[in-house]
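Novice: Could you put together the complete structure from these sequences and hints?
What follows is the residue order along each chain.
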Amino acid sequence: MFDLLTRTLDSGLVRGLLRSVIDPELGVNIVDLGLLYDVTVAADGGVEIDMTLTTPGCPLGGFLDDQIRACLAQLPQVRGVSMRLVWEPPWEPAAMSDAAREQLGWA
Amino acid sequence: MGVSAAGRIRLRRAPLLALALVALFTGLWGGLILLGVLTPSVLVSASGAHGPLMALGFLGTLVSLERAVALGRWWAYAAPLAAGLGAVAALTGASGALGPALETLAGSVLLACHVVLQRMAPSLHNAIMSLGAVSWCAAALTWLTGAEVNRFAPLLAGFLVLTIVGERLELTRVARRPPWVQSLLLIAVAMFAAGLAASLTAETTGVRIAGVGLLGQAAWLARYDIARRTVLMGGVTRFMALALLAGYVWLAVAGVLWAVNGSMLDGPAYDAQLHAVFLGFVMSMVFAHAPVIVPAVLRVALPFHRRFYAHLALLHLSLALRLLGGDLAGNTGLWQWGGILNETAILLFLALTISTVLHARRTQERRVPEEQSRRVPVRQATAHG
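Chains as they are written, first to last, in numbering that gives the first Met the number 0: chain A, 0 to 106; chain B, 0 to 384.
Quick look at which bits of chain A chain B covers, simulated, 3 or more residues with Cβ under 8 angstroms: (1) 48 to 59; (2) 89 to 95.
Which stretches of chain B does chain A cover? Using the computed rule of at least three CB atoms under 8 angstroms from a CB of chain A, they are: (3) 58 to 69; (4) 120 to 128; (5) 170 to 177; (6) 285 to 293.
To list a few chain A residues with every Cβ distance to chain B over 12 angstroms, as calculated: (7) Arg6; (8) Thr7; (9) Asp9; (10) Ser10; (11) Arg14; (12) Tyr36; (13) Val38; (14) Thr39.
By construction, these hints were calculated from the structure, which means they are not laboratory data.
For glycine and all other residues, C-beta sits at the position ideal for the given N, C-alpha and C.
Specialist: Okay, structure coming up:
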């Protein structure tokens with residue numbers, strides 16, 4: 000954790016930290032599920048995130064929004080978080096990482 | 000001090016949840032009257048409307064609110080509003096037709112939500128959920144004609160079963176399975192829907208066909224749902240999976256009962272046929288998803304706690320008591336105790352959920368001043384919440 004607090008803020012750091020945000024029903028983090036489409040970090044510490052859900056009918060957008068903000072609040076380098084739910088391209092199982100597939104029994 | 004964005008969302012959605020709770024409490028009250036443990040002089044109408052109050056007034060409001068939250072369009076909130084108000088109207092008996100008419104409107108708006116979702120991202124799972132909304136509309140329209148609850152009870156079950164099955168199919172995409180497996184579910188859903196439609200004119204035959212469809216859906220879910228995998232994980236993930244898998248057992252029980260008996264006339268078989276679905280399957284799904292849906296809808300934290308297993312276990316054990324000791328063995332006392340404990344499980348679920356949310360809020364409120372004093376910039380990041 001101390002390492003995270005002192006590292007330069009970039010999209011890799013944000014993505015790494017967001018691996019701790021878990022989809023409760025699947026027990027898999029949102030990065031490995033392929034829900035994070037884009038992470039942009041501005042010079043002033045502002046973080047912009049484009050993410051999706053597995054379907055537009057899923058009501059978990061607000062839940063994950065809260066989880067992500069709470070997660071990034073651990074980083075003093077972050078000066079603001081802007082989240083956008085996007086539906087293009089639609090999420091597909093192919094977006095999942097190998098780690099997620101293994102966890103969900105694909106291996 | 001201003002109200003945060005999450006606070007404003009809570010204020011907007013809380014009245015809709017309050018309507019759902021009115022329907023729940025009066026539905027439970029009506030349930031106690033039907034069990035013969037209460038002979039009250041107030042709210043007697045709750046017994047006649049027990050089914051619609053629970054299935055449409057409570058669960059319908061929750062399901063349509065969940066969909067409105069997902070869609071994020073203002074008009075979608077007309078569905079939970081009409082569903083909740085319809086329950087109140089049915090209770091007060093202001094006009095015999097007002098309650099069913101509002102429920103028909105609510106089902107129609109929910110169907111419109113699914114049409115919009117289908118245009119955004121066409122999918123089989125959304126099509127199945129749309130069929131659930133059609134079943135809601137058909138149930139409410141049948142109620143509007145003055146029919147007894149027995150007549151449209153299968154359609155009420157159809158709304159909830161198809162909604163849940165659609166949701167499960169969607170999530171099960173994360174599991175590896177051969178492409179033809181989806182066709183198996185489609186056959187079961189088609190048989191269920193055809194049986195429901197047939198039940199309007201040929202009740203027993205229709206219910207029996209629908210029962211085979213229920214059994215097929217239960218078997219498919221038990222075999223292919225991702226819960227079989229996630230039950231091996233820990234914490235809230237295991238809790239949700241166990242609640243899901245237990246629900247599938249009851250759905251199979253309901254399928255057998257519907258297929259063998261079929262009749263929707265009052266009696267022990269009717270009691271078992273309906274409560275295996277509504278309590279064993281649907282309520283177990285509600286318990287399973289509450290740790291996720293409550294925070295999503297109300298924007299509050301609901302950390303998982305092992306005590307949540309208390310209401311889940313009580314629900315399933317008391318339902319077994321009701322169906323085996325009461326309906327099957329014909330022991331009225333056990334049937335009544337089963338029913339009372341069913342209701343206790345639901346109230347315990349509410350009490351534990353609310354107390355956990357309040358405890359989490361108090362903990363958070365204590366933590367925030369400490370964080371503010373330590374790291375000013377972090378508060379800026381969370382202020383958008």
